[in-house]
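Here is what each chain is made of, one letter per residue.
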Amino acid sequence: MNATVLSIQGLSVALPEGADRRLAVEDVSLELKRGETLCVVGESGSGKSITAFAVAGLLSPQLTPVAGKIFFDGIDLLKTPEMVMRKIRGARIAMVFQEPMTALNPVLRCGRQIMEMFEAHDLHSQRARKARALELLIEVGLPDPEKAFHAFPHELSGGQRQRVMIAMALALEPDVIIADEPTTALDVTTQAQILTLLKRLREKHGTAILFITHDFGVVAEIADRVVVMHRGKVVESGPAADLLNNPREPYTKGLLAAVPALSPPPGVEEGDSPVVLSARRLSKTYRGRGLFNRRDVAALADVSFDLRRGETLGIVGESGSGKSTLGRCLMRLSEIDAGEIIVDGKDLRTLSDREFQPFRKRMQMVFQDPFASLNPQSRIGRIIADGPTVHGMAHNQALEQAAELLGLVGLDLSAMDRYPREFSGGQRQRIGIARALALEPAIVIADEPVSALDVSVQAQVLKLLRELKLRLSLSLIFITHDLRVAAQICDRIAVMQRGRIVEIGSTEEVFGHPKSDYTRALLAAVPGREFGSHRALEESSNPA
Amino acid sequence: MSVSSKQAPAAAQRPGLMRRIVSTPAVSISGGFLLLLLLIALLAPLLAPYDPYAQDLSRRLLPPIGYPNHDAAHLLGTDGFGRDYLSRLVYGTRISLLIGFSVVFIAGLIGTTIGMIAGYFGGKVDQVLMFVINTRLAMPVFLAAMAVVVVFGASLTSTVLTLGLFLWDRFAVVVRSATQQVAAQDFVLAAQSIGFSNTRIIFKEILPNILSVVVVIATLEMGSAILLEAALSFLGFGVQEPTASWGLMLSQAREQLFFDAWLIYLPGFALLSLVLAINVFGDGLRDLLGARGRA
Numbered sequence: 083m084n085a086t087v088l089s090i091q092g093l094s095v096a097l098p099e100g101a102d103r104r105l106a107v108e109d110v111s112l113e114l115k116r117g118e119t120l121c122v123v124g125e126s127g128s129g130k131s132i133t134a135f136a137v138a139g140l141l142s143p144q145l146t147p148v149a150g151k152i153f154f155d156g157i158d159l160l161k162t163p164e165m166v167m168r169k170i171r172g173a174r175i176a177m178v179f180q181e182p183m184t185a186l187n188p189v190l191r192c193g194r195q196i197m198e199m200f201e202a203h204d205l206h207s208q209r210a211r212k213a214r215a216l217e218l219l220i221e222v223g224l225p226d227p228e229k230a231f232h233a234f235p236h237e238l239s240g241g242q243r244q245r246v247m248i249a250m251a252l253a254l255e256p257d258v259i260i261a262d263e264p265t266t267a268l269d270v271t272t273q274a275q276i277l278t279l280l281k282r283l284r285e286k287h288g289t290a291i292l293f294i295t296h297d298f299g300v301v302a303e304i305a306d307r308v309v310v311m312h313r314g315k316v317v318e319s320g321p322a323a324d325l326l327n328n329p330r331e332p333y334t335k336g337l338l339a340a341v342p343a344l345s346p347p348p349g350v351e352e353g354d355s356p357v358v359l360s361a362r363r364l365s366k367t368y369r370g371r372g373l374f375n376r377r378d379v380a381a382l383a384d385v386s387f388d389l390r391r392g393e394t395l396g397i398v399g400e401s402g403s404g405k406s407t408l409g410r411c412l413m414r415l416s417e418i419d420a421g422e423i424i425v426d427g428k429d430l431r432t433l434s435d436r437e438f439q440p441f442r443k444r445m446q447m448v449f450q451d452p453f454a455s456l457n458p459q460s461r462i463g464r465i466i467a468d469g470p471t472v473h474g475m476a477h478n479q480a481l482e483q484a485a486e487l488l489g490l491v492g493l494d495l496s497a498m499d500r501y502p503r504e505f506s507g508g509q510r511q512r513i514g515i516a517r518a519l520a521l522e523p524a525i526v527i528a529d530e531p532v533s534a535l536d537v538s539v540q541a542q543v544l545k546l547l548r549e550l551k552l553r554l555s556l557s558l559i560f561i562t563h564d565l566r567v568a569a570q571i572c573d574r575i576a577v578m579q580r581g582r583i584v585e586i587g588s589t590e591e592v593f594g595h596p597k598s599d600y601t602r603a604l605l606a607a608v609p610g611r612e613f614g615s616h617r618a619l620e621e622s623s624n625p626a
Numbered sequence: 326m327s328v329s330s331k332q333a334p335a336a337a338q339r340p341g342l343m344r345r346i347v348s349t350p351a352v353s354i355s356g357g358f359l360l361l362l363l364l365i366a367l368l369a370p371l372l373a374p375y376d377p378y379a380q381d382l383s384r385r386l387l388p389p390i391g392y393p394n395h396d397a398a399h400l401l402g403t404d405g406f407g408r409d410y411l412s413r414l415v416y417g418t419r420i421s422l423l424i425g426f427s428v429v430f431i432a433g434l435i436g437t438t439i440g441m442i443a444g445y446f447g448g449k450v451d452q453v454l455m456f457v458i459n460t461r462l463a464m465p466v467f468l469a470a471m472a473v474v475v476v477f478g479a480s481l482t483s484t485v486l487t488l489g490l491f492l493w494d495r496f497a498v499v500v501r502s503a504t505q506q507v508a509a510q511d512f513v514l515a516a517q518s519i520g521f522s523n524t525r526i527i528f529k530e531i532l533p534n535i536l537s538v539v540v541v542i543a544t545l546e547m548g549s550a551i552l553l554e555a556a557l558s559f560l561g562f563g564v565q566e567p568t569a570s571w572g573l574m575l576s577q578a579r580e581q582l583f584f585d586a587w588l589i590y591l592p593g594f595a596l597l598s599l600v601l602a603i604n605v606f607g608d609g610l611r612d613l614l615g616a617r618g619r620a
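Chains as they are written, first to last, in our numbering: chain A, 83 to 626; chain B, 326 to 620.
Hints listed in this document are in silico derivations from the structure and should not be mistaken for laboratory results.
Every residue gets a Cβ at the ideal spot worked out from N, C-alpha and C, and that includes glycine.
Mixed in with the good hints, there may be bad ones.
Chain B side only, calculated, beta carbon under 10 angstroms to chain A, not exhaustive [what the hints assert, rightly or not]:
# : residue
1 : Gly447
2 : Asp451
3 : Val453
4 : Ala509
5 : Gln510
6 : Gln517
7 : Gly520
8 : Lys529
Working from the sequences, and respecting the hints, build out all of it.
In structure tokens:
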């Protein structure tokens, strides 16, 4: 039971010349025992995925292992010729990737793709392959395995696709499954199901799982042992319970402290400040236009809420719940079909574009993807100053104000003349916030502003948002799928499901005494529920 | 707490475009050759040993250097009217490059505008413009160009205008899809939410991001414009005598094909090397600019 199946000893992988450091992975050693789940945790750029790909022999050609050994079944995988590796890969070491949509071949039916696993390794007769594939689809818990067998990947949901991927990985009963962020692209309820499935399969088959993740909640949920990586090196490793509760290294402590707790901090008083925005019975339907796709999707149905001055209203929900559509409709980036959005006593929907222009100054938006939300060809100064200029401010004055804003969001003045590509994700998000603030808005709509960021950077950006909100008495609409983040930053929360608000109330109420079943299900699905820090946003210690 | 010390690592040392051109042999060699041709075209009156239009019927069809009984005064010989072949080739560079640049300028202007409008606005606007693009694609350029030239008369100007009005399709198609990609990014949404006008968004936010695409198509289209001019001139529908155009020179050499083949080789080789250099340069440029990524 406790035999070591995979052992990495002193692995170093070199990065191509001109990268920020010489080694992507430096002197990494770890052991994976039969039937255990070993989580490799780290922020982006920590080398966790490269370590996993080195094991599977799937490193891209620019990356070369320069030292160390990877022992599997008594042989060193780094010295194994490609011919032999092909036999091992899939049969003895299988992989599950992050994005099941791109990891599955879009033009092959799912059943066929599982059967290919057997074909590649010359196993079974055609008929047995088919039977076995169906068995696997049943085992991974697909609701209608027969249908899934004949379905193309795009006909399945994200969670179902990931189940198919897992079925493929299981097909040849491998000793080791390498799972690279297998639940990161999934909704929280789906993620919980996939984690349960992996746990069950590991117990049943005794497969060892090398689980790569950035999410400490997931670690708390699934790991037996944990390896923490930072800038290519192993910082700390040990049994999951020990490491999560009593981290020894300051880096691990910092990371853990940055994970927000699922329960809201106490003592949030209900404000009675004036209403700045009021949404009344908003609805919007995306109509299927195509010849074959006439299904209408209700993105917003009867959505009503008030936003008060100085409050943060969280809009939480899974993908497809309409939360992002709501943000866009409030900004009039897309039109609602019916309902009223009332700001300063005016219904925004009835205004012409020209009449709406002054309201754009009142409401601004912060976007999710820090890489797509800044024009790569513009200097930072221009990105921030252009808005006020268009709204009539003198260009020099706008630039002066931009410089002040950079200070306000914690960036150096030298950023003015640089281009977005010179900044990290967290810094870009600060620039995005500065751009939104340049117009001195009363309302800021933030659409998943920290979802693309590492946990330590995420804590910093959240802290900044909260400070700015207090200082400028902004009203914030905070759209997120992450309940932990919502718990820490929101005063009130609206839970959305299929275009409707199923529950709205103070954060304490929603998290402490959820009224709707859906909210309860969402809360129950958050991995590692008890785990997390209340001081996440107060802690400004930066492990990175 | 200062975060600005943490730089995005990958971006730190990206050499400038010029440095990368120089360090890529295919691009630097083809680019250097094009620069040389450009200089030849600009300095043609200084470089050409003779007046390219001066006829000397007593010295007709002299072979170029290396052939028996060549004349050292005419390095590349003379044509059927006794005009110095080297001088005519040098002046022909002017026509080819003039055609290349002006046709691409006109076509690029039309195509990029159509492509950006279609890609940015989408919907009905896109449908209408796609219909225009498809209509243009359904026309055989060469036959249509011949017909236009027949109606309006053959001249350098009419060749440039005709080709310019016909060769914008690739610009439009590629720019349209590039615009769609850029327009789907959040920074365009951010610009809309700040309240920028559509014109401003198209020219200030989108255009700088698709310019590299436009430049690459421009080089490729320049090659085909030059070839089309040569073909039109060869058939007598393009540039007219006595102007020195490589296509025209090929046309006039037709009768001598079996007797004085060099009359064909020389302008043919000039044409080949120019268009090849342009295409290699465009190809390399695409790789260099593409590697820069959409950052």
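Consistency of the hints with the structure:
no.: 1; hint: Gly447; in the structure: violated, 13 angstroms
no.: 2; hint: Asp451; in the structure: violated, 14 angstroms
no.: 3; hint: Val453; in the structure: violated, 17 angstroms
no.: 4; hint: Ala509; in the structure: holds, 9 angstroms
no.: 5; hint: Gln510; in the structure: holds, 4 angstroms
no.: 6; hint: Gln517; in the structure: holds, 6 angstroms
no.: 7; hint: Gly520; in the structure: holds, 4 angstroms
no.: 8; hint: Lys529; in the structure: holds, 8 angstroms
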